[in-house]
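J.: As they're listed, the protein sequences go chains A and B.
Residue numbering for the first sequence follows our numbering, beginning at 2 and increasing consecutively.
Residue numbering for the second sequence follows our numbering, beginning at 1074 and increasing consecutively.
For the record, the hints were derived by calculation from the structure and aren't laboratory data.
Among these hints, one or two may not hold up.
With a straight-line Cα cutoff of 30 Å, these simulated BS3-like cross-link-like pairs (lysine-lysine) come out [stated by the list, open to error]:
1) B:Lys1086 / B:Lys1111
2) B:Lys1088 / A:Lys143
3) A:Lys104 / A:Lys236
4) B:Lys1094 / A:Lys104
5) A:Lys220 / B:Lys1103
Which stretches of chain B does chain A cover? Using the computed rule of at least three CB atoms under 8 Å from a CB of chain A, they are [unchecked claim]:
6) 1101-1110
7) 1117-1125
8) 1137-1149
Every residue, glycine too, gets a C-beta built ideally from N, C-alpha and C.
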Amino acid sequence: MTREVRLYTLIAELTYLCPLRCVYCSNPTNLAAHPDRLSTADWLRVFEQAAALGALQLNLSGGEPLLRRDLEELVAGAHALDFYSNLITSGLPLTRERLQRLKAAGLSSVQVSIQDSVPAASDRIAGRESFEQKLDVARWVKELDLPLTLNVVLHRQNLARIAEIIALAERLHVDRLELANTQYLAWALENRGALLPSQAELDAAREIAKSAKERLKGKIEVLFVLPDYYSDRPKACMSGWGQRYLLVSPDGLALPCHLAHTLPGLHFDNVQERSLDEIWHHSAAFAAFRGEAWMPEPCKSCDRREIDYGGCRCQAFHLTGDAAATDPACALSPKHGLIREARAAAQEAPLIPLGLRYREIRR
Amino acid sequence: MSTEALGLGVELKPKLAPKAKLRLDPKTGKYILLYPEKGLLLNPTGAAILQLCDGERTLSAIIATLAVQFQSDTAVLEREVRGFVQGLLDRGLLQAAP
Chain A
2 MTREVRLYTL IAELTYLCPL RCVYCSNPTN LAAHPDRLST ADWLRVFEQA
52 AALGALQLNL SGGEPLLRRD LEELVAGAHA LDFYSNLITS GLPLTRERLQ
102 RLKAAGLSSV QVSIQDSVPA ASDRIAGRES FEQKLDVARW VKELDLPLTL
152 NVVLHRQNLA RIAEIIALAE RLHVDRLELA NTQYLAWALE NRGALLPSQA
202 ELDAAREIAK SAKERLKGKI EVLFVLPDYY SDRPKACMSG WGQRYLLVSP
252 DGLALPCHLA HTLPGLHFDN VQERSLDEIW HHSAAFAAFR GEAWMPEPCK
302 SCDRREIDYG GCRCQAFHLT GDAAATDPAC ALSPKHGLIR EARAAAQEAP
352 LIPLGLRYRE IRR
Chain B
1074 MSTEALGLGV ELKPKLAPKA KLRLDPKTGK YILLYPEKGL LLNPTGAAIL
1124 QLCDGERTLS AIIATLAVQF QSDTAVLERE VRGFVQGLLD RGLLQAAP
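Same shape as in the complex, but just chain A:
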């Protein structure tokens, strides 16, 4: 039994450039290899092809999508195709006037990130002064009657302030609050020692989030996403490889997920050379981990294989060196020891705080 493959969401990573330097950025670490290569016309064509494939949701993301001067035009193009468009932004650089123009162009909703509830701590994780501007942006979004999601990536340096983070979200009257624990890939994997929380820290935060979710029911949609490292079963990464999502990188690669281009041995087509329809239905890379044929044991005979699809291919590769391995986050994986060891190391805070490696363009 395999469910129908159907594209629902196009993730347009318009640029990897970003004014922030977050230590858990989910962009690949070789940013310089993927410069902005798509014109306005290229993106508009990609949107049209995605809509024809059935996509209903469009995430305008990055890097920082606001750095594209043609963002208004792209939003208008998405609107003409009836997309539900979601701007995923750090809030920098933005003026209230530009936000107003984006709304007029037909933007459906805005997701703003903050890094903590305390300005200095937020700025430290972001690698620059940004907290106050982010709060301004969040207020403008609400003033302009746009739906607002507040996204906060959680880790051992901010988990203890989850109640304050929730209180801030309430004061900002956000519509959704995403409390997403760091997933340890890309830059976050490099900073894992400084970011991975202990079981106790995580449990305490989860309880607070759970009661907030109940208390705020109908007012704020509260999401709390566990880190894979503590879930014992992997996530259905991207709802399964090449099943529901397609991502286009700034240089035009059509990808099944944010980091697929870090996997060796796969050739990803460029949207400047092939149509999304051809890529989605006929490319070898999208077929590589789609469905169950590729699965090793213990996935192949597991009764959860249609729930988690074997987990995250990038996590499998970056931890075990084999993209076709069972995600080591799964307790049934023969390599689960890698996760247990990292978890064991996180149970006590380091005596000397570990330094953070900020996101940077390495040439």
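Knowing the structure of chain A, use the given hints to seat chain B on it.
T.: Chain B only, in chain A's frame:
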């Protein structure tokens, strides 16, 4: 079952929350309720309910309209509508209009 026991007053005027958009999915011909990063595929009853949630009609008016439209037993329909509306209110996808 009384209205009070089910929580929702018959005078409630439900309307879509600003973050929710109802649209037809051309691939399936079904209605889908879109909200940030997600979508809820609707069955014909769900779609019909939401098309009436305009912030003007009361819950009792919606139920009466649907009873005619679907030629179904009002009591059964009322339970279905209440369950559906309450679920979407809890998820912040519907709001009560003033």
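J.: Hint by hint, note whether the structure agrees.
T.: Hint by hint, here is what the structure shows:
Pair hint B:Lys1086 plus B:Lys1111 holds up; C-alpha atoms about 25 Å apart against a cutoff of 30 Å. About 19 Å separates the Cα atoms of B:Lys1088 and A:Lys143, which keeps this hinted pair within 30 Å; it holds. About 34 Å separates the Cα atoms of A:Lys104 and A:Lys236, which puts this hinted pair outside 30 Å; it is violated. Taking the CA atoms of B:Lys1094 and A:Lys104, the gap is near 15 Å; set against the 30 Å cutoff, the hint holds.
Restraint check: the Cα-Cα separation between A:Lys220 and B:Lys1103 comes to about 28 Å, which is no more than 30 Å; the hinted pair holds. Check on the stretch 1101-1110 of chain B: 5 of its residues sit with their Cβ under 8 Å from a Cβ of chain A, so the three-residue criterion for coverage holds. Coverage of the stretch 1117-1125 of chain B by chain A is violated in this model, with 0 residues showing a Cβ closer than 8 Å to a Cβ of that chain against a need of three. Residue count for the stretch 1137-1149 of chain B with a Cβ under 8 Å from a Cβ of chain A: 0. That is fewer than the three needed, and the coverage hint is violated.
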